[in-house]
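All chains, please: the whole structure from these sequences, using the hints.
Sequences listed follow chains A and B, in order.
Heads up, the first sequence is in this note's numbering, so the first residue is 1 and it goes up one at a time.
Heads up, the second sequence is in this note's numbering, so the first residue is 1 and it goes up one at a time.
Don't read these hints as lab results, they were simulated from the structure.
All C-beta atoms in this analysis are idealised placements derived from N, C-alpha and C, irrespective of residue type, glycine included.
Among the hints, a few may not be true.
Between beta-carbon pairs, the in silico distance windows are [unchecked claim]:
#1 Ala-20(A) to Val-257(B): 37 to 45 Å
#2 Lys-171(A) to Glu-254(B): 49 to 57 Å
#3 Ala-29(B) to Ala-21(A): 49 to 57 Å
#4 Met-11(A) to Arg-181(B): 28 to 36 Å
#5 Leu-118(B) to Trp-119(A): 34 to 42 Å
#6 Phe-90(A) to Gln-173(B): 52 to 60 Å
#7 Leu-234(B) to Lys-171(A): 31 to 39 Å
#8 Ile-244(B) to Ile-12(A): 33 to 41 Å
#9 Leu-100(A) to Lys-162(B): 35 to 43 Å
#10 Lys-260(B) to Met-11(A): 39 to 47 Å
#11 Ala-163(A) to Lys-162(B): 42 to 50 Å
#12 Ala-60(B) to Tyr-67(A): 35 to 43 Å
#13 Val-257(B) to Gln-6(A): 38 to 46 Å
#14 Ala-21(A) to Ile-167(B): 46 to 54 Å
Taking lysine-lysine pairs in the BS3-like style, the calculated list, with each CA pair at most 27 Å apart, reads [what the hints assert, rightly or not]:
#15 Lys-7(A) to Lys-162(B)
#16 Lys-165(B) to Lys-7(A)
#17 Lys-162(B) to Lys-260(B)
#18 Lys-91(A) to Lys-7(A)
#19 Lys-165(B) to Lys-91(A)
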Amino acid sequence: MTEQAQKRRSMIRGGLTLIAAAAFYEALARSGIFAAALLPTIPTVLRTLYAMILDGTMPLHALFTLYRVLFGFFLAVTCALPLGILMARFKRVENFFLPLTSALMPIPSFSLVPLFMLWFGIGNLTTILIVFYAASFPMLYNTWTGVRSVNPLWLRAAGSMGADERRLFWKVIIPGAFPFIITGMRQAFLRCWIAVVGAEMIAASDWGLGWVIFDAKEFLNADIMLASLIVIGGIGFVFERVVFGSLERFTVYRWGMVRMAKG
Amino acid sequence: MQDAATIVMPAAPAGTPAAERWRALARNAFPFLVVGALWEIVAWAGLFPRQLFPTLEEIARALVELTLNGILLHHTAETIARLLSGFALAASFGVAIGMLMGRSRRAEDCILPLVSILAPIPGLAYTPLFLLWFGPGEVSAVLLVGFVSMFPVIYNTWTGVKAVKEIWLRSAQSMGASDRRIFRHVILPGALPYILTGLRLGLGQAWRILVAVEMLAAVPWGLGWLIFGAREFLNTDAMMAGVIVIALIGLALEKFVFQKLEHYTVVRWGMMGRS
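And the structure:
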């Protein structure tokens, strides 16, 4: 009962803060201290968002961005996942790729944008490759760590029970490394989502949420910028909560299994 | 030959420390030699115009030239200054807000909704907005880097303060510790591993977006700007030199800051585990 009351009070307070913040913003926007073009009122922003959704431009921008980010992400997963497993299983692969990885990992993906623009031009290819670059390293690193941290006891137990190399791989190593792999995917997607917005801003094409924000700046359309910001935040939130939230529940569940097996 | 060393390694672990070190060096250098050779072959084969795909000698020459005439140094210094000032903003505000949220239920209820709305938006998406409000240049760049890297610091500090065991607080209280002493001697050390993790994540985030911010914010100096400006004149060699310096700074951050912090954090974790 008290727990319930506590929770309700938290929600009321949270709601009040949001209303207060919105009211403060609205007052600032209407006071005319700043130019209306720079600080549009909330109804203006919502109206712009609504209009852009209705005339189909906003969904199209979002689709372009999603296409790039998902394409790059899946490319990164299909390359980095096998490589990470190979690195963890074979010493010679690790010896070759680990120094390269640790040299390339600290380069922020954005610093490659101008270079990729020169090589691949402006548009989808550059953006997808930047997303690929941004996503690969978290994926690779986590897979590598995950496979290496599979409890050696399990391997030996499965081996002594007569599991062959293939069964060992599919039944022990992959499930054991799975929590790490999912963590890697989650981190990789977060990086991707940042990278795609940045890459679209710099390597401007005609479509994409990042491009729309940056283009709107040229015309001082702060309402379009804020509307796109809402869409970007919304999509990020949905992926974080719906896609990776359910994945994480799965991970937590697996972690629980791991703990139980160890204890 | 390097490859042979790799194979021999596990079979003959015994050896003088010096020979061991040489072998490790050779093993680490080997992949770079292979990639460098491939790069050289592609550059000389002329698959791409030389202007767009310079040879390693040209890149090295650009690196040396830009270093000798001090341009590269100036760019680097400005970038690091920007990184540090942005991160200092993030660290001071982030730790303060996180502490407040962890200690006061009311502050937590009020601030958490705002933070959870603002945090998931990718930092760079704020860039044009900041440029519009604060004008292009230094102020926008530093504020943006600080604003974006603040969120991991807030989250981790908040979690850390909440993770301090209730029983420690109560035992300190029953032994008559004042609020200030409890804060300094119980809450702060207890939350420190989390805070350090937050700072590490924040610095990483700041570093990742700084380069892009420099490209977009029209700052007069900075490595991001160097790369972006060089593109206009097809100076691919200068661009590659800039990327190399960026990689070196990132590597130095990794080696001298993150790993040190992580080590320290792990040590603290160990302490917490024992007690």
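Outcome of the hint check:
no.: 1; hint: Ala-20(A) to Val-257(B): 37 to 45 Å; result: holds (38 Å)
no.: 2; hint: Lys-171(A) to Glu-254(B): 49 to 57 Å; result: violated (36 Å)
no.: 3; hint: Ala-29(B) to Ala-21(A): 49 to 57 Å; result: holds (55 Å)
no.: 4; hint: Met-11(A) to Arg-181(B): 28 to 36 Å; result: holds (35 Å)
no.: 5; hint: Leu-118(B) to Trp-119(A): 34 to 42 Å; result: holds (35 Å)
no.: 6; hint: Phe-90(A) to Gln-173(B): 52 to 60 Å; result: holds (56 Å)
no.: 7; hint: Leu-234(B) to Lys-171(A): 31 to 39 Å; result: violated (54 Å)
no.: 8; hint: Ile-244(B) to Ile-12(A): 33 to 41 Å; result: violated (55 Å)
no.: 9; hint: Leu-100(A) to Lys-162(B): 35 to 43 Å; result: holds (40 Å)
no.: 10; hint: Lys-260(B) to Met-11(A): 39 to 47 Å; result: holds (42 Å)
no.: 11; hint: Ala-163(A) to Lys-162(B): 42 to 50 Å; result: holds (43 Å)
no.: 12; hint: Ala-60(B) to Tyr-67(A): 35 to 43 Å; result: holds (39 Å)
no.: 13; hint: Val-257(B) to Gln-6(A): 38 to 46 Å; result: holds (40 Å)
no.: 14; hint: Ala-21(A) to Ile-167(B): 46 to 54 Å; result: violated (37 Å)
no.: 15; hint: Lys-7(A) to Lys-162(B); result: holds (17 Å)
no.: 16; hint: Lys-165(B) to Lys-7(A); result: holds (22 Å)
no.: 17; hint: Lys-162(B) to Lys-260(B); result: holds (25 Å)
no.: 18; hint: Lys-91(A) to Lys-7(A); result: violated (52 Å)
no.: 19; hint: Lys-165(B) to Lys-91(A); result: violated (43 Å)
When each numbered hint is compared with the structure, violations occur for hints 2, 7, 8, 14, 18, 19.
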